[in-house]
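Undergrad: Chains as they are written, first to last, in this note's numbering: chain A, 36 to 456; chain B, 111 to 487; chain C, 53 to 360.
Errors might be hidden in some of the hints.
Unchecked claim - BS3-like mimics (lysine-lysine), calculated; alpha carbons at most 25 Å apart, straight line: (1) A:K358 with A:K255; (2) B:K309 with A:K159; (3) A:K414 with A:K431; (4) B:K332 with A:K159; (5) A:K431 with A:K311; (6) A:K358 with A:K132; (7) A:K247 with A:K116; (8) B:K332 with A:K152; (9) A:K116 with A:K358; (10) A:K247 with A:K355; (11) A:K152 with B:K334; (12) A:K226 with A:K280.
Everything labelled a hint here was simulated from the structure, so no lab data went into it.
This is what each chain is made of:
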Amino acid sequence: MSEPKFPKTLAGPSRRAVLAGGAALTASLFAPKHLRAADYPTAEVNTTGLAVTDDTVTIGILHSITGTMAISETGSVQAEKLAIAQINEMGGILGRKIEFIQEDGASDWPTFAEKAKKLLVSDKVASVMGCWTSASRKAVLPVFEQYNGMLYYPTFYEGLEQSPNVIYTGQEATQQIIAGIDWVAETKGAKSFYLLGSDYIWPRTSNKIARKHIEKLGLKVVGEDYYPLGHTQFNSVINKIRLKKPDVIYAIIVGGSNVAFYKQLKAAGIDMTKEKPLLLTISVTEDEIRGIGGENIEGAYACMKYFQSLTNENNMEFVKAFKEMWGEDMVIGDVTQAAYLGPWLWKAAVEAAGSFDVDKVREASPGIELTTAPEGYVKVHENHHLWSKTRVGHAKVDGQYEVVYETADLVEPDPFPEGYQ
Amino acid sequence: MSIASHRLFSRNDLIGFAVLAAIIFIVLPLALDTFRLNLFGKYLTYAFVALGLVLCWGAGGILSLGQGVFFGLGGYCMAMFLKLEASSPENTAIQSTPGIPDFMDWNQLSALPWWWEPFHSLTFSIVAVVVVPVFFAFIIGVAMFRRRVGGVYFAIITQAIAAIMTILIIGQQGYTGGVNGITDLRTLKGWDIRTDSAKEILYFVNGILLFACLLAAQYIRKSKLGRILIAMRDQEDRVRFSGYDVADFKIFVFCVGAAFAAIGGAMFTLQVGFMSPSFVGIVPSIEMVIYCAVGGRLSILGAVYGALLVNWAKTTFSESFPELWLFGLGALFIAVVMAFPNGLAGVYAEHVAPRIARLLRRGGVDLPATPDKTPAE
Amino acid sequence: MFSDYSMSELGAIFAMQGFAGLILFSVFVLMALGLAIIFGQMGVINMAHGEFMILGAYVTYITSNVFSDYLPALFSIYFFVAMVLAFIASGLLGMAVEWAMIRHLYKRPLDTLLATWGLSLILQQVYRSVFGAREVGVTIPDWIMGSLPVTDMIEVPINGIFVMVLAVGISAAIYILMYRSSWGKQVRAINQNRVMAGAVGINTEWTDRLTFGIGCGVAGVAGSAFTMIGSTGPTAGQLYIVDTFLVVVFGGAGSLLGTIASAFSISQAQSIMEFFLSGSMAKVLTLLTVVGILMLRPQGLFALKLRK
Chain A
36 MSEPKFPKTL AGPSRRAVLA GGAALTASLF APKHLRAADY PTAEVNTTGL AVTDDTVTIG
96 ILHSITGTMA ISETGSVQAE KLAIAQINEM GGILGRKIEF IQEDGASDWP TFAEKAKKLL
156 VSDKVASVMG CWTSASRKAV LPVFEQYNGM LYYPTFYEGL EQSPNVIYTG QEATQQIIAG
216 IDWVAETKGA KSFYLLGSDY IWPRTSNKIA RKHIEKLGLK VVGEDYYPLG HTQFNSVINK
276 IRLKKPDVIY AIIVGGSNVA FYKQLKAAGI DMTKEKPLLL TISVTEDEIR GIGGENIEGA
336 YACMKYFQSL TNENNMEFVK AFKEMWGEDM VIGDVTQAAY LGPWLWKAAV EAAGSFDVDK
396 VREASPGIEL TTAPEGYVKV HENHHLWSKT RVGHAKVDGQ YEVVYETADL VEPDPFPEGY
456 Q
Chain B
111 MSIASHRLFS RNDLIGFAVL AAIIFIVLPL ALDTFRLNLF GKYLTYAFVA LGLVLCWGAG
171 GILSLGQGVF FGLGGYCMAM FLKLEASSPE NTAIQSTPGI PDFMDWNQLS ALPWWWEPFH
231 SLTFSIVAVV VVPVFFAFII GVAMFRRRVG GVYFAIITQA IAAIMTILII GQQGYTGGVN
291 GITDLRTLKG WDIRTDSAKE ILYFVNGILL FACLLAAQYI RKSKLGRILI AMRDQEDRVR
351 FSGYDVADFK IFVFCVGAAF AAIGGAMFTL QVGFMSPSFV GIVPSIEMVI YCAVGGRLSI
411 LGAVYGALLV NWAKTTFSES FPELWLFGLG ALFIAVVMAF PNGLAGVYAE HVAPRIARLL
471 RRGGVDLPAT PDKTPAE
Chain C
53 MFSDYSMSEL GAIFAMQGFA GLILFSVFVL MALGLAIIFG QMGVINMAHG EFMILGAYVT
113 YITSNVFSDY LPALFSIYFF VAMVLAFIAS GLLGMAVEWA MIRHLYKRPL DTLLATWGLS
173 LILQQVYRSV FGAREVGVTI PDWIMGSLPV TDMIEVPING IFVMVLAVGI SAAIYILMYR
233 SSWGKQVRAI NQNRVMAGAV GINTEWTDRL TFGIGCGVAG VAGSAFTMIG STGPTAGQLY
293 IVDTFLVVVF GGAGSLLGTI ASAFSISQAQ SIMEFFLSGS MAKVLTLLTV VGILMLRPQG
353 LFALKLRK
């Protein structure tokens, strides 16, 4: 499916030089002949009045800088800015530099909708990288559909959605869950599961899928519990877990609750390194471990598509560039990496379409491949989600995951899974 | 203010109302594009809440930190109707149970819960927008004021109620849409509320409703009831000993405040296009109090200016300096309490009004042309 | 739900569950004590209470970093130093706030609510600017994070014991301060009649400042202790505010014993319900019960007088 215009400069040594900060090399050197702006007259590549000039194109970044979600969304903003900087260094898109307008969603859903509208209506941005929580995405979705914008959404999420105006660069629930449960059942011989989550749509939907799959495998769910967001007392549920003696604690706890849960689990004498019970989570990335403390979560398993410790060449470069730009002590989690894919996927789609027009970009999007993604090869599915591998990581005391398993093939995204609803 | 208190409007009141009407119905629509106008429409929905608080808190001395609950209940009643209309079987054909809202389908509900059924009717929904929150406020009011819970205790209990409400809505996501809220609302009786022209019409409807509420509030303030409320705030025991049932007045004014908040909530849903628990909880409820405090807790018109000014500042500052915004908001709280306890209205009455009066006297003019933008300064 | 288990297992679980309830109780007591002083004795509604707690948590974070960088040998006991520093930092900030803000507002309790809410927003943003928006990971010495195995089934978390001991210790200290010291007498005298207290020669200004400072300092110690069980981030303080106020109001403001009794009943109710119900519903039911009882008995469990 790869388009002939797919920029080869993305891969290979040239990109490494850019990432290493090869400042001496000017951008124009990198742009292949056919990608000079002059060959793409603005009137042709932009027929819908987007913010595209002869040498720039403007996109939006829409995340929370303030409020409770700022904790999570900072990494995404950093990754997106890195990707934009790298693309610009390589000569931009169709010979045009990317400029961005950053708006603060302030962890407040109407503000997200308001700012999305501003970006699309007043600023006429060509695409938007943004949102984190499902609630913010649900709030902006009607805006993007009404004004025909393009949103690149980075978070792993519950699925049950497929909008023509969104490219979902994270995993939908089945991609993240099924492979992990298969793995824990096969390799660890798990028979019984205790499902645990923060009380909102993503954990509930994910646990629903998990439960269906566990039961399909002929295994048992011995308990299921939800706690309000921000809950900090988990001793009672830890006792319940002791009583039920599950083989696996399947935890989808988010935010500050995470810290409390893992600290209390450890203090209660449940040593996760002994794997009795084993803890499998889909909500704790390296980012969260910084708050939890590596020593408190050592031995847990996490199932997602990306870990910072991946040893492929793409990732080593990505991690290096990220740290160069944002500081040595940065860690990179699954969502941060997915956010990094956004600008690259958009670039590829624009170049495949030969136009910034949203309709043409949308048409060109399915089938777009990225061989240079830090997580490895990814491809955009017809349903606007990504084909990607699912991996299981084993938490180490230094706050990193060691990858212990990865699916042989790319897992097909299936936002409306038959038999799991 | 003390002169002519038996009339509904003093001359100053009349001027104030006229200026506000000019701003809302003429200046803003002419000066702003549809996008910004819609934003101001959203701010004005908070003015309903602030207005309710002027009555409860400014006049009645009852500080409720749970106005978000009523705002939310009103908004949810409206959202339920709109959601049902948006979830016609044709629109939701891909669901396993077509014809019910999408979030119910995701939560394995296979039929509409019975208490959603009546919300198919627009009339019922509009009645419910006001009646449900008022009923709720009535229960709280009876339970609390009959037992003479007041002041600080009332504030803390209403705050707890706001917390309970949020957890409940989020926890019962199959019935309420959970933390995402009720989203993707499209049409009202077939009329697309997302178009620019609809937004403009809704803005004016909102403005008219706000003026209706303002008039009602003015009437309450000028009536005997209003004077009893103020007497109660200052010397509750004396009013009680004079033979008035203090609790009944408090319950009444609390219910009125709830009704205003609920109307605001419903208009919010219509203009923003969704409703979510983030407008129900503690933080939004306290922010609503600050709108009222900034405008001047005693001033009916001040409530509107307060809501407009704070929200406008929020949008502007958070666009340019997101970091500064929280400092600014925090400082605003402190400044209003420490330096301007009567808010904008107080500043106006103390500094601006006398000057205008002096100017007028000097010029010998009988009526001022327009005391430009007065309290908003 | 219990039919599949042997008696010994059930016994163990109930023992553990009782213990979980006690830990929650201690947490509530620690949260509420500072507020009980400030709200109960001074009538000030301090909405920034949570932020004073988080200040203590950040002080602990800084202390742990300093110890691990410069005094690694003493790392295992840094926590005690951190708690003292947390008390001092939060206490001093509290006194500064009292001087700048609160003292002008003693006659307007509802206004203290708004002003301190503003203060809490500012503090949150300060934390965010200084420490970043993310949660910080506070490294706790290993010995605190362990557990004591009593039997095969029963394991007692050491941090739980730590919190309990701390709660008892601070309660005792405050009791002695309030009821056995001259300062305590002065505070209570001011609480009853400010003007008369001043007239008989009590330095009301200084006593107020000290009281507010001590209340905030206790909050700081609580925050420091909570780094063992919870998260430390700019907005973490807000999580505690509703629970804290309910505990104090439910106990009956002005009564230290009431605060402790109410912390006990709320924590036990919540802990038991959490065991049988899902966490969210348990929380809702607990809060509803408390609010319901408060409507029936507005003066709280142990009240002096607060009906108007």
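Undergrad: Take the C-alpha atoms of A:K431 and A:K311, compute the straight-line distance between them, and say whether it is at most 25 Å.
TA: Answer holds: A:K431 to A:K311 is near 17 Å, not above 25 Å.
Undergrad: Does A:K226 pair with A:K280 here, judged by a C-alpha cut-off of 25 Å?
TA: holds, 11 Å
Undergrad: For the pair we were handed, B:K332 and A:K152, check the Cα-Cα distance against 25 Å.
TA: violated, 43 Å
Undergrad: Is the Cα-Cα distance between A:K152 and B:K334 25 Å or less?
TA: Violated, because 47 Å separates the two Cα atoms, which is more than 25 Å.
Undergrad: Taking 25 Å as the top limit, are the C-alpha atoms of A:K247 and A:K355 close enough?
TA: violated, 40 Å
Undergrad: For a C-alpha distance cap of 25 Å, please report whether A:K116 and A:K358 respect it.
TA: Given that 25 Å is the threshold and the Cα spacing comes to 13 Å, the pair holds.
Undergrad: Does A:K159 lie within 25 Å of B:K332 when you go C-alpha to C-alpha?
TA: Violated - the C-alpha atoms of A:K159 and B:K332 are around 50 Å apart, more than 25 Å.
Undergrad: For a C-alpha distance cap of 25 Å, please report whether B:K309 and A:K159 respect it.
TA: With Cα atoms ~20 Å apart, B:K309 and A:K159 stay inside 25 Å; holds.
Undergrad: Next pair to validate is A:K414 with A:K431; report whether the Cα-Cα distance is within 25 Å.
TA: violated, 30 Å
Undergrad: Against the 25 Å threshold, does the CA-CA distance of A:K247 and A:K116 hold or violate the hint?
TA: violated, 39 Å
Undergrad: Taking only the CA atoms, is the gap from A:K358 to A:K255 under or equal to 25 Å?
TA: violated, 43 Å
Undergrad: Please verify whether A:K358 and A:K132 have alpha carbons no more than 25 Å apart.
TA: holds, 23 Å
Violated hints, in rising order: 1, 3, 4, 7, 8, 10, 11; the structure is consistent with all others.
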